[in-house]
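Once you've looked at the hints, dock chain W against the given chain G.
2 protein chains.
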Amino acid sequence: MTLPDLLDRRERAFGPNAPLFYNRPLHLVRGEGCWMWDSDGNRYLDCYNNVPQVGHCHPHIVAALCSQAGLLNIHTRYIHELVLQYAERLTGKFPVSLDRAMFVCTGTEANELAMRIARHASGKRGVIVSDFSYHGNSGGLAEMTTGLPHPEPLADHVRAISLPDPYRWEGSEEELIAEHLRIVDEAIQSLEDAGMGVAASLFDTIFSTEGLLDVPHRFVQGLAERVRAAGGLFIADEVQPGFGRMGDAMWGFAATGVTPDIVTLGKPMGNGHPIGAVVTSSILADAFTQDALYFNTFGGNPVSAAVGNAVLDVIEQEGLIENALATGNYLQQRLREIANDFACIGDVRGRGLFAAVELVGDGKLPDPRLTKTVVDSMREHSILISKIGPRDNVLKIRPPLCLGTDEVDLLADTLAAVIGDLAA
Amino acid sequence: MTLPDLLDRRERAFGPNAPLFYNRPLHLVRGEGCWMWDSDGNRYLDCYNNVPQVGHCHPHIVAALCSQAGLLNIHTRYIHELVLQYAERLTGKFPVSLDRAMFVCTGTEANELAMRIARHASGKRGVIVSDFSYHGNSGGLAEMTTGLPHPEPLADHVRAISLPDPYRWEGSEEELIAEHLRIVDEAIQSLEDAGMGVAASLFDTIFSTEGLLDVPHRFVQGLAERVRAAGGLFIADEVQPGFGRMGDAMWGFAATGVTPDIVTLGKPMGNGHPIGAVVTSSILADAFTQDALYFNTFGGNPVSAAVGNAVLDVIEQEGLIENALATGNYLQQRLREIANDFACIGDVRGRGLFAAVELVGDGKLPDPRLTKTVVDSMREHSILISKIGPRDNVLKIRPPLCLGTDEVDLLADTLAAVIGDLAA
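As you go down the protein sequences, you meet chains G and W in turn. Our numbering puts the first residue of the first sequence at 1263, with every later residue one more than the last. Our numbering puts the first residue of the second sequence at 1263, with every later residue one more than the last.
The shape of chain G in the complex, shown without the other chains (with noise of 0.2 Å):
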């Protein structure tokens, strides 16, 4: 079928509302490593995508899919080993504290699970998160949403606080850290006032959504402080920074030394295979699971559990977090050379393999425009990038975790000359 006839055809299927990515949209066949294919047998290399973590359709993964798939698919009410060494390993990942899995799907399903312990633990109801944010499609979520557009207002136990951004600030950090700590102490107040005080706090330990912001480790220090002090948990989402993206640990908060009382995971977890977990402490889980029967039925089945500890080998055999640093590396100084040449690139942000570009005019004026622009070019150009941010005018690029240093010179030598041509 040709494009046109797809999209008809598409249109049919899932309505006008069906989001698609880039002007040109893409009719893709095949995956593998960074690259996909379109029916046309052209190539691209995958800037974007998380989901495909250690490379699209990788062997080792697809085979341990194929094996279990093939001997039993059932659930965790009979016994398995799968899926008891699959939560061994992966709880082994984390500090002593978050020694418990429980596993779900998506990380929608993560993210319900989670507010739903914090609620049991703490009693209370309110949740702080922040302005831009998107941790899932539930209607629970939604109500808690800020960073998508939905017909469900704001929850009335929901404080959405501004984050704090070192580009956009002035001042010193010293004082970007106060004001912002502020708005998180009249958002825990204004909670208690309410009545509901403060269940827990759900953020992105790399606020990817909000535009991948370089938000100071000692906010989410402060911030973890006084919702604890509060009564109520941190949650860390890690469905877009974990399993080793951000090159120097597992998991996104480690770096801001912030030990989360949950963590949720998601998207990556399963390289496309639907998998999702909380992880939190056994004093939680169990006292959660003493009160209510939760049970998920396809949660941690023996083919998600085989899928899950395959990418867990390919992670470690080979060195993708150590890639995810060194070839990271790489990636921020090329952006950030190419940021020298142009005076549109605002700021370079990110870390291992994630990073954001900032497109701006004079005085720090976003420019979306320009930003639409460049992913519809870079995708003419046979690079898959997204753009994110409240102002639309960040790039996004987070590519799965094999991205060598030869596909960083070809998307940032594409990407100088796609931002030259336009600058043009």
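Hints are computed from structural coordinates only; laboratory data are not their basis. Nothing here was measured: the structure is a model prediction, and the numbers come from that model. Glycine is no exception: its CB is placed at the ideal position from the N, C-alpha and C atoms. One should not assume that every hint holds.
Said to hold, decoys possible - Partial chain G-side listing against chain W, Cβ under 10 Å, derived:
#, residue
1, L1268
2, L1282
3, P1321
4, Q1347
5, A1349
6, M1364
7, V1366
8, E1374
9, G1561
10, P1564
11, A1605
Said to hold, decoys possible - If you want the footprint, here are the derived chain G segments under chain W, 3+ residues with CB under 8 Å:
#, region
12, 1399 to 1408
13, 1606 to 1612
Structure of chain W alone, referenced to chain G:
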């Protein structure tokens, strides 16, 4: 590892409250058709699981899974033909008014999305469910759950109504229906009085958790009329009856004569692979997605679509709906024969390959102790069933749809022997 070692290891990994079937839990390692094998090579007839709907590890489905997992596994913001084909094929199995499929990963996600659509369309907030129901494990659904223990109180926007149960009603069917429609009227009035109105009713169309009650179709029709007259939507949860289990149709709602406004799908849809969907009208879906940027990372990915298509292939090619009817009728016949011999069998209910056997003492007094003993004793005879219902006294028989008459005989003969031993 020995079973005690495995149980110790499991308790360390999952804590003391992780649900596990049977007094002597099973350590299963392989499945094929209606059979599973434990680590000692013992074989069990699976008369419980509807997740492996078309049979454990069906080779056609495993082949489709492996083939696509090796090619590409990515989300729906790129075009892929398999998911279009699956959406077209799936909606083709519904009445014409239900022309839109939205893919998610689990029944929980499907019911969450259905509630969001219903609230958006109706502008109302109230929900009517049954008084011993379960529709998922999110926080929002926990607040609607009365069929499982959990710490969340019933939300103030939820009314959990008593269902008509002909087995436990002394009067006429006419009176039974009238009495329970009066309860529906009261629930609606109460939601109106509270200023919330009725956004939706949400019912499993075979009323499984409630004990597979033989709810009169005219009650369902009256319920739908009343909910719609109040401006709400009628949501059918097909996670248990769907995909041909009822034998008379692909979906449980067909027999009731009510075409739902929204249908939710889960468990059997991917034969173990985590897939779910909301099927509704394009009018409702598009109105919602105009205001909500709904995106589900894993929902509708090419691997899930390949698996979903393969499940439909097997249902069609192996005549599994016809088998559910023929074998299901034979199962009902055998169970009724057994019921004639034992006073402790108060009622035999069900449709297609879903059967319930209610165990009672004198005066229909529920016998949960006997029920548990029968379930465990059947397991000792290598036949896997479970129990349901608010009184915990109903045997739940819900095998994969490939069950044959020989297996029905094995199940029925064993059940007769087990009950005979216990009654002796």
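The hints, checked one at a time:
1. L1268: holds, 5 Å
2. L1282: It holds, given that the least Cβ distance between L1282 of chain G and chain W is near 6 Å, below 10 Å.
3. P1321: Nearest chain W Cβ about 8 Å off; hint holds.
4. Q1347: Result: holds, 9 Å to nearest chain W Cβ.
5. A1349: holds, 4 Å
6. M1364: Because about 8 Å separates M1364 of chain G from the closest Cβ in chain W, which is inside the 10 Å limit, the hint holds.
7. V1366: At about 8 Å, which falls below the 10 Å cut-off, the nearest Cβ of chain W leaves the hint on V1366 of chain G intact, so it holds.
8. E1374: Because about 4 Å separates E1374 of chain G from the closest Cβ in chain W, which is inside the 10 Å limit, the hint holds.
9. G1561: holds, 9 Å
10. P1564: holds, 9 Å
11. A1605: violated, 31 Å
12. 1399 to 1408: holds (count 5)
13. 1606 to 1612: Violated, because only 0 residues of the region 1606 to 1612 of chain G bring their Cβ atoms closer than 8 Å to Cβ atoms of chain W.
Checked against the numbered hints given earlier, this structure breaks hints 11, 13; the rest are met.
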